[in-house]
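Colleague: Listed below are the residues making up each chain.
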Amino acid sequence: MADLEKIMKEENIVYKKTKVLTDNVMHYCPGCSHGVVHKLIAEVIEELGIQDKTIGISPVGCSVFAYNYIDIDWQEAAHGRAPANATATKRLMPDKFVFSYQGDGDLASIGAAETLHACNRGENITMIFINNAMYGMTGGQMAPTTLVGMKTSTTPYGRNIDLNGYPMKMTEIVASLPGTCYVTRQSVHDAASVKRCKKAIKKGFENQAKKIGTSFIEITSTCNSGWKMPPVEANKWMEKHMFAYYPQGDLKDAERDNPDDYIKYIK
Amino acid sequence: MTEEIIIAGFGGQGVLSMGKILAYSGVMQDKEVTWFPSYGPEMRGGTANVTVIVSDDRISSPILNEYDTAIILNQQSMDKFEKTVKPGGVLLYDPNGITRHPSRKDINIYKVEGVEEAAKMGNVKIFNMIILGAYLKLKPIVKIENVKKGLEKSLPERHHKLIPLNIQAIEKGMEIVNKAS
Amino acid sequence: MGELKLMKGNEVIAEAAIRCGCDGYFGYPITPQSEVMETLMARKPWETTGMVVLQAESEVASINMVYGGASCGKKVMTTSSSPGISLMQEGITYIAGAELPCLIMNCVRGGPGLGTIQPAQSDYFQACKGGGHGDYHLIVLAPSSVQEMNDFVNLGFELAFKYRNPAMILSDGAIGQMMEKVELADYKPRWTDEEIEKISGDWATTGKKANRKQHIITSLELDSEIMEKLNHKLQAKYKKMEEEEVRYEEIQCDDAEYIFVAYGSSARICQKSIQIAREKGIKVGLLRPITLYPFPTKPIQKLAEKVKGMLSVEMSAGQMVEDVRLAVNGKIPVEHFGRLGGIIPSPIEVVEALEQKIIGGK
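Protein chains in written order, with my numbering: chain A, 689 to 955; chain B, 318 to 498; chain C, 35 to 396.
It is possible that part of the hints are untrue.
[Claimed, not checked] Straight-line Cα separation of at most 30 angstroms, DSBU-like style, residue types lysine-lysine; simulated pairs: (1) 437(B) with 470(B); (2) 222(C) with 466(B); (3) 704(A) with 741(A); (4) 839(A) with 916(A); (5) 784(A) with 704(A); (6) 78(C) with 784(A); (7) 78(C) with 899(A); (8) 898(A) with 247(C); (9) 247(C) with 704(A); (10) 314(C) with 422(B); (11) 741(A) with 196(C); (12) 887(A) with 243(C); (13) 890(A) with 247(C); (14) 784(A) with 243(C); (15) 342(C) with 163(C); (16) 784(A) with 705(A); (17) 314(C) with 397(B); (18) 39(C) with 470(B); (19) 707(A) with 247(C); (20) 247(C) with 697(A); (21) 243(C) with 890(A); (22) 466(B) with 39(C); (23) 741(A) with 78(C); (24) 222(C) with 741(A); (25) 470(B) with 222(C); (26) 886(A) with 243(C); (27) 400(B) with 317(C); (28) 391(C) with 466(B); (29) 274(C) with 196(C); (30) 707(A) with 243(C); (31) 243(C) with 705(A); (32) 784(A) with 940(A); (33) 365(C) with 391(C); (34) 274(C) with 163(C); (35) 78(C) with 898(A); (36) 243(C) with 741(A); (37) 317(C) with 403(B); (38) 400(B) with 78(C); (39) 247(C) with 784(A); (40) 332(C) with 365(C).
Just so you know, the hints here were simulated from the structure itself, not pulled from any lab data.
Work out the full structure: start from the sequences and follow the hints.
Modeller: This is the structure we're talking about:
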C-alpha cells in the first residue's frame, strides 16, 4: 500500500481521464463504441475550453443516457428529433456550441427528415452519427443502415433488398447537401482510428465558431450484443464488411455552399 | 348604433378590401368593428363575401341570420342574400350583370351603376369605392375624413398616391346612388 | 392607450409575439393560420427585437424546435391548425413531461383527418384532456375576439413560465380569419441572459457553469418509483392551476333561467342568441370559459343551483358538454348543440336548440 502511494504522484501520471467525463459507470456493453466516442467528445470539449458553452442533444436509443457521462448541459430529445432541438438551441444561443448525438435508427430512420433539413439549412451545429447498423437498445432490430444479408431480430433470415430495401448511406446523402461544410466517416476500433476520430470531432466543433455550416461525423461502430459477436470479432467483421460498404474518411471538407452562387438561378 | 352589413360579389371585385376600408374607417371613428370573411378556395374567382359590423358597443356574433344592409354585386349573391335583409333594411346593388332584380317590398332597395361609372372614370379598380360611396350616402355611419384615414391605414404606403382618386370615387358613388323603383 | 389597429386574429398573434418579447417562433404552413408566420416573416423581427423566426420542415420539427428553445429558458412558440397539432402531440407530451414553458396556438378547423379548412371546435378533447400520451394537461386559453388573441399571447407565456407548463391558445378559423379593432400592447424587450438566469437559471440548458451541476432536460425516468413521484408533482401543479387560474366571463347570468355554456366563436354567437331569446321573453345568460383547462367547474356548479337548464354550444359533436355535465352532476338538464364539419351555427339556430332541447324538454 505504501508503495502504491509512492507511485500515485502527479509526475508519474501517463493518462488522466478528462474532468468533462463524469465518474458514473457507463451502462454500455463491453466493446461498445459509445464509451470511446463519449470520451473523445469530452476531451475535445475540455481542450477547447467550452464546457460552459456546450449543449448536447441526446437521442432515443442506447445513448439516451449520454447526459449521465458528459458533464455539460443536455436536452434529451424525442426519437429522431435531436436536429430540431439543436437547430432552435443554436439559433437562440448562437455563441454556444451545440451538438446532436444520434444512432442510426434515430438519425437515419425516424429522424431522416430532421437530419436532412438541418443539414440543408446549414445549421452551425455538429452532428455525431453512431452507425452500428442496428437498433441496439430495443434489442437488435434492423436499421436503415443494416447491411444486406445481415441478421437482426426483424430480419432473422438476413436483410433482403426486395423486402427491406437497401442499406442507407446517410453520410453520402448529407455530403451532397449544400449546407454541410464537413462530412466525414470515422471509427474508433483501434488506436489510430481513435486518434483520427478525435481530430474529426474537434474539427466539427471548431467549425461552429467559424459559422461555415453543418459538420456531420459518422462513426462506423460495432454492436457486439446485437451482432452477437465478441468485441474483437465484431471489430474484424466491421473492418471487413461495414468498411466495404461504408468507406472511411472525409467525404467533404469545405465551407457550406456560397449563397451567392444560388442567386443566378433567380436572375 | 349597431350596423350589420353583408358585402357579397365575385372574388376580384374588391369585396373584402371594401369591407376592410369600411371597418378601418370605423376604427378611426372610435367604433367597435368586426370584419368576417368567407375564406378558402372560393376566394379564387368564385363568390366572396364579408360581414362588417360597426357598433358603439361590444360586438356579439360575426355570424348573422339577417343584416341591416346587404351590398350585392352579382346574381349568386342576390339569390343568397336578398332574403337576409331585415325588414326595413337596405339592399344596395349594382345592376350590371343582374338578371333577376330584387323584388322585396318590405326593404329599401337602391341601385348604383358602379361598373359603368368606374369605366367612365378610366379605372375599373375603383369600382368598390364607388359602391362604398353609395353605401355611405345611404348610411353615413362614418365621416369621410375617417374613411380617408381608413384608406391611409389599410393601403400600403406605395398606394397612398391613389387615395385622392379613391375619395373621388366615393364622392361619385354618393352622387349617383338612387332608389330603385 | 396602446396603438389601435384593425387586424386579423392570426396576424395579431404574430404582432403580440414580437411585442411581448418572444425569442423564437417555429412553424409550418397550414390553413387557416398561415398568416401568423407570414406576418412574422414580413415584420422581420430578427432585425429589431432579435426574435428568431424559422419555417421548419414539418410540424414535428416545429414542436421539437420549440422543445429545444424552451429547454434554453427562452420564450418560444409555434402555431398550427388541427392536423398539424395532431402531428405535434408527441413533442407536446415531451415538453409537458420535461416541464417546459412554451406557447402553442391551434387555429382549429373541422376534422377528422384532413377534414375542412373551415372553423370548428372539435379539438377540445385533444387540447384539454392531454392529446398526447401520459397524464398531463396544457393550460388552455380560449379567445373569443381578436383583442383576446392579442392579450392571450402575453398571458399564455406568463402562465407557461409560472407553472413551467406548455400553454395553448385554442382559437378557430373564425377568430383567426376575422379582423377587429385591437389595442396592441407596448413593446417589452426580450429577456437578457441575466434575466433568463434569474427566471430559469436552476434548470435551463444555458451552458454548465463551473459553480453548478449539469442541467438535464428530459422526460425519461426508468425507475418507476421516481417516475410516480414525478407524476405526483405534475398532478400537484395541475391542482394548483385548478385552484388559482380559472378564468371565465358571465354575461346576463344574474336573472337567467337558462345558461349557454360556450367558448371562443361559439360564445360570440351565443351573445347574439341571448339578444334574440330575450326579445322572445326567454331569460338566458352565457357562461364563457376563458380557461378551458383549468375548467370553470365551480362557477358552473353555482349557476346550476339557480337555473333550469344549460346548453353547451360548441362547433363539435359534443365535447365540452361532458365537463359541463360533470360540473352540474345531474342537478339540472344539460344538453349539447353544435354544427359539425366547419359549419358555424347561426344565432337563431342556437335559440331554437335551447327551446327544443332544454325549455321544451324539461
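Colleague: Taking 30 angstroms as the top limit, are the C-alpha atoms of residue 741(A) and residue 78(C) close enough?
Modeller: holds, 28 angstroms
Colleague: Take a quick look at whether residue 741(A) and residue 196(C) sit within 30 angstroms of each other, Cα to Cα.
Modeller: holds, 27 angstroms
Colleague: Regarding the pair residue 784(A) and residue 940(A), is the alpha-carbon distance no greater than 30 angstroms?
Modeller: Holds - the C-alpha atoms of residue 940(A) and residue 784(A) are around 24 angstroms apart, at most 30 angstroms.
Colleague: Given the hint that residue 839(A) pairs with residue 916(A), test it: the Cα-Cα distance must not exceed 30 angstroms.
Modeller: holds, 10 angstroms
Colleague: Take the C-alpha atoms of residue 78(C) and residue 784(A), compute the straight-line distance between them, and say whether it is at most 30 angstroms.
Modeller: This hinted pair holds, its Cα atoms lying about 23 angstroms apart.
Colleague: Against the 30 angstroms threshold, does the CA-CA distance of residue 400(B) and residue 317(C) hold or violate the hint?
Modeller: Answer holds: residue 400(B) to residue 317(C) is near 28 angstroms, not above 30 angstroms.
Colleague: Between residue 886(A) and residue 243(C), is the straight-line Cα distance small enough, at 30 angstroms or below?
Modeller: holds, 24 angstroms
Colleague: Is the Cα-Cα distance between residue 222(C) and residue 466(B) 30 angstroms or less?
Modeller: holds, 28 angstroms
Colleague: Starting from residue 247(C), check that the Cα of residue 704(A) is at most 30 angstroms away, please.
Modeller: Roughly 22 angstroms between the alpha carbons, so the hint for residue 247(C) and residue 704(A) holds.
Colleague: Given the hint that residue 243(C) pairs with residue 741(A), test it: the Cα-Cα distance must not exceed 30 angstroms.
Modeller: With a Cα-Cα distance of about 8 angstroms, the restraint between residue 243(C) and residue 741(A) holds, given a limit of 30 angstroms.
Colleague: Are the Cα atoms of residue 78(C) and residue 899(A) separated by 30 angstroms or less?
Modeller: holds, 22 angstroms
Colleague: Mind checking the alpha carbons of residue 222(C) and residue 741(A) for me, to see if they're no more than 30 angstroms apart?
Modeller: holds, 27 angstroms
The earlier numbered hints that this structure contradicts are 28 and 38.
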